[in-house]
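Peer 1: One-letter residues, chain by chain:
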Amino acid sequence: MNRWGRLWHRAQIEEQLEKEVRFHMEQRAADLIAGGLDPTQARRQARLDLGGAEQVKERCRDARGTRWLEDLWQDVNYTLRTLRKNLGFSVVALVTLGLGTGATTAMFTVIDGVLLKPLAYPDPEKLVTIHTQTQQEGDNWGFSYPDFRDCSRETRSLKAVGGWTYGGGTLSAPGPSEYLEARQISAELFAVLGVRLAAGRAFLSEEDRPGAAPVAIISYGLWQRRYGGAAAAVGMPLQFDGKSYTVVGVAPAGFELEGEADVFTPLGQNSEVRMRNRGARFIHIVARLREGATPAAARADMEVIGRRLARQYPKSNEGLGMTAQPLRQEMVEDVRSTLWLLLGAVTLVLLIACVNVASLLLSRAVSREREFAMRVALGASRSRLIRQCLVESGVLSFCGGAFGVVLAAVGVHPFVAFWPDSLPRAGEVHLDWRVLVFAAAVSISCGILFGLAPALRTPEASLEQPLRSGGRTVARESHRWHTGFVVCEIGLAVVLLVSAGMLGKTLLRLSSLDPGVNVHGVVTARVAFSPAALTSPERIRAAWQDFLDQTRRVPGVEAVALADIIPMREGENELPYWATPTPPPLNEAPLALASSATPDYLKVMGIPLIAGRFFDERDRLGSAPVIVIDERMARDAFGRANAVGRRISIPAMAPAPILVVGVVGHVRHWGLAADDQSRVRDQCYYPLAQVPDGLVRFFSSVMSVAIRTDIAPLTTVQELQQELWRSTGDATLYEIRTMGQLVSASLDRHRFLLTLLGIFAGLALVLACVGIYGVLAYLTGQRVPEIGVRMALGATPGSVIQLVLRQSLEMVLGGVIAGSLAALAAAQVLEHSVDGMRRPDPATFVLMISILVAAALFASFLPARRASRIDPVAALRQE
Amino acid sequence: MATAKSDLPQGTLDLLILKVIALGPLHGYAIAQRLQQISRDVVQVPQGSLYPALHRLENRGYLAADWSETATGREAKFYRLTRKGRAQLETEAASWERLTGAVGLILKMSGGEAK
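Protein sequence lines correspond, in order, to chains P and E. Just so you know, this note's numbering puts 725 at position 717 of the first sequence, and the rest follows in order with no gaps. Just so you know, this note's numbering puts 99 at position 54 of the second sequence, and the rest follows in order with no gaps.
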């Protein structure tokens with residue numbers, strides 16, 4: 009029988025031991041009787057010879073070596089019994105711990121799924137992205153199509169390179185018309201990712217060329233929706249964006265390229281001008297490393313190719329660097345800091361929970377001083393008592409941890425759904441063994457953390473003192489521990505409260521900022537024109553005009569405009585410009601955010617006109633190109649607000665310098681929070697009517713409408729949509745948002761963070777107050793005789809209250825000082841990871857700390873008042 | 046009872062137990078009696094130490110135990126030597142002989158010098 013077996017068969021072993029010892033004594037007695045002793049004497053002699061049956065049995069148990077297991081078993085049982093008996097204590101401790109570990113485990117589950125787990129592709133660590141970077145635009149830019157082709161031909165570190173870009177259009181058959189997200193992908197893309205198609209095949213390289221037969225791959229969802237998941241869908245026609253495609257494959261379920269898309273078309277078939285323009289960098293790249301190559305090797309490789317291309321094509325590529333980084337890093341770059349920030353915050357909550365439970369346990373341990381002393385007197389070793397304390401905290405932390413895992417399992421999905429926008433890799437967030445290991449590790453460290461203090465103060469040899477003192481004067485040493493606990497709790501709570509306060513203040517400040525547009529009554533939507541109307545430049549321009557006229561006729565519409573870019577929504581067009589007679593080197597030219605719009609744009613958006621005029625019907629194709637700039641660009645380019653009549657060179661728009669006809673107010677295009685930090689803040693507008701013929705097809709595909717109405721904006725849009733379907737059949741509005749929604753969405757991340765940090769800070773406040781209350785109630789309980797003496801000597805209830813509050817205030821102040829220092833450090837972290845965050849101001853500190861001190865004093869007031877009502881006679885009689 | 050009895054040197058009890066049991070399975074009481082008889086009552090085997098020693102040896106795998114009937118028809122726990130126990134007995138016996146031999150030599154030598 010091995011050790012574990014023995015543990016389980018304890019009862020049987022005990023019985024056998026008893027039998028064996030009894031057999032020995034009876035045999036001995038029988039022998040002695042045979043030798044002439046009388047039976048009573050014989051039995052006595054037998055007992056004496058053996059030296060006490062119980063002692064022998066005890067030594068046998070020791071000799072068996074399963075002693076520690078049996079003791080552990082006993083300790084666990086004992087702990088469970090005591091926990092059941094002190095139900096109030098157990099519930100408070102378990103809930104506190106459960107909340108702490110639950111929140112931490114849930115955060116870790118998200119971090120594990122999003123940041124730590126390898127990507128769900130075969131050989132994921134071999135996947136990299138490659139970017140271009142310039143001094144003025146920064147990192148993480150896409151490739152132009154010619155550069156992409158050159159790179160994939162010349163690379164020596166990459167096995168295969170796949171490129172893709174966004175797309176979209178109206179699906180008109182099979183089934184009803186619908187706008188669909190699409191991606192244009194190069195033939196290699198699926199192979200690079202290592203993704204197997206659900207049906208059919210990926211694109212062939214001969215299909216990835218201009219003029220090849222139009223083929224498409226559809227998403228799993230679309231396959232189910234429009235083709236009923238039939239295998240015969242492969243080979244069927246698909247009417248998309250005015251062209252007829254043949255379906256050749258079905259992407260696997262859940263396949264995403266920066267968001268879901270329903271239609272994939274070959275990138276190489278795209279015949280737009282920008283596909284041949286080395287300056288148009290809109291291709292995203294995913295590549296797979298060659299066997300044995302590292303991301304660092306890929307980076308070096310890309311740098312070499314980038315330099316060569318810059319030499320060969322200085323006009324477009326001068327100063328253009330190329331670099332590589334692991335794909336996973338790039339996918340989650342955006343949320344990394346937020347996630348770690350939140351994990352940091354929940355860890356603080358967890359620490360407070362631990363400290364709380366530690367002080368509860370310590371109070372209990374101190375009141376059990378006599379019990380422990382008694383056990384030492386009866387022969388228990390110190391290590392045995394320490395072990396029992398650790399078992400108690402271990403049982404607590406295990407149960408708390410189990411409760412926490414349940415909470416995390418329930419809470420993690422609502423949390424992910426609550427994430428603003430969408431969390432990248434959200435589908436990979438699961439509670440799995442990694443999370444369980446984490447939760448176990450957290451629980452064990454918590455158990456050690458809060459079990460240590462009571463364990464370390466178990467009595468040593470000097471046991472007569474607690475026994476004699478009746479457990480009343482031992483509070484001295486535990487006082488230090490308790491003070492330490494309160495200081496920790498208050499300190500941690502200060503960090504969380506100040507962080508939440510800073511975030512709240514930032515959010516207040518940001519939401520009071522002027523977005524630069526009048527958001528009331530404005531609604532925007534992307535427009536997918538009827539593919540049938542997009543055949544020639546003239547027809548396209550006519551379709552734009554028809555659309556505007558049609559919209560104006562909808563009841564409630566005050567003004568309507570078309571624009572390629574809408575503030576605070578995705579989409580941007582950044583162009584280098586200069587106002588000096590001689591052009592600066594291309595990579596040093598400042599950038600401006602350029603939007604093209606129809607004349608009523610200013611009126612719809614309510615952007616103030618500062619000088620000159622906005623465009624009107626006279627600015628059309630063939631007339632002199634004109635531009636309107638914002639006040640910031642006017643200052644940057646000309647050093648003053650009024651720039652009307654001056655000229656600006658924007659080579660991407662027109663070969664000759666362009667006349668500035670007006671100056672308008674600045675719009676917070678990048679969102680209320682991010683605009684101040686954005687790289688490109690100059691803005692300019694140019695007439696949609698002056699877009700050259702070659703680009704109108706492209707502009708149609710990125711076109712949005714902005715409408716100002718005096719009735720509910722969303723009803724207006726609905727009516728417009730109905731009208732469009734009646735007249736054109738398949739023109740569609742999508743991504744319909746009011747300007748108010750867009751402005752508010754630009755602060756979603758902040759609001760989300762504030763909500764969570766606010767919850768954590770509130771939790772910390774409550775826990776800290778409960779902690780202070782407990783500690784003070786305990787400490788004053790220890791001082792009852794002292795307070796009795798004071799009162800007998802004439803202390804008033806008021807002075808007793810003061811006495812207790814002073815004690816609490818000392819601890820709280822210690823915590824506030826420690827916490828403030830830590831909060832300054834936390835503020836640095838916040839400043840770096842949250843847009844629009846400013847250095848912490850004293851007002852926030854003072855406000856949040858006052859809240860905390862007030863709450864702490866309130867929590868201490870209850871024990872103080874109880875102390876002031878002590879009856880001195882009764883208290884003295886206790887002595 | 047008053048004649049001189051020696052206490053067992055540290056660690057020899059295990060060796061003696063192994064040796065006694067090597068002759069055949071025995072129960073605890075029989076082992077105690079056998080030790081007493083063989084040592085001609087010179088060696089005092091503390092009965093209280095016998096059982097912990099048996100359990101320790103069993104735990105280490107030197108002894109195995111079965112419950113079976115004694116000659117008088119009572120159930121008792123009989124210990125017998127395992128293969129591992131036999132090996133252990135040989136090692137310990139050898140090392141005991143080396144030790145006593147060496148101690149004896151030293152005693153003789155120091156006795157010679159005293160003359």
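Please note that the accuracy of each hint is not assured.
[Unchecked claim] Just some of the chain P residues that point at chain E, by a computed CB distance under 8 Å: (1) Arg164; (2) Tyr187; (3) Glu189.
[Said to hold, decoys possible] What follows is a list of derived Cβ distance ranges for each label pair: (4) P/Trp76 / E/Gly146: 36 to 42 Å; (5) E/Gly146 / P/Leu56: 37 to 43 Å; (6) P/Asp39 / E/Leu152: 16 to 22 Å; (7) P/Gln20 / E/Gly56: 44 to 50 Å; (8) E/Gly146 / P/Leu386: 43 to 49 Å.
FYI, nobody ran anything at the bench for these hints, they're computed from the structure. Here the structure is a predicted model, which means the values were calculated and not measured. Even glycine gets a Cβ: it sits at the ideal position worked out from N, Cα and C.
Peer 1: Are there hints from earlier that the structure breaks, and if so, what are their numbers?
Peer 2: Structure breaks hints 1, 2, 3, 6, 7.
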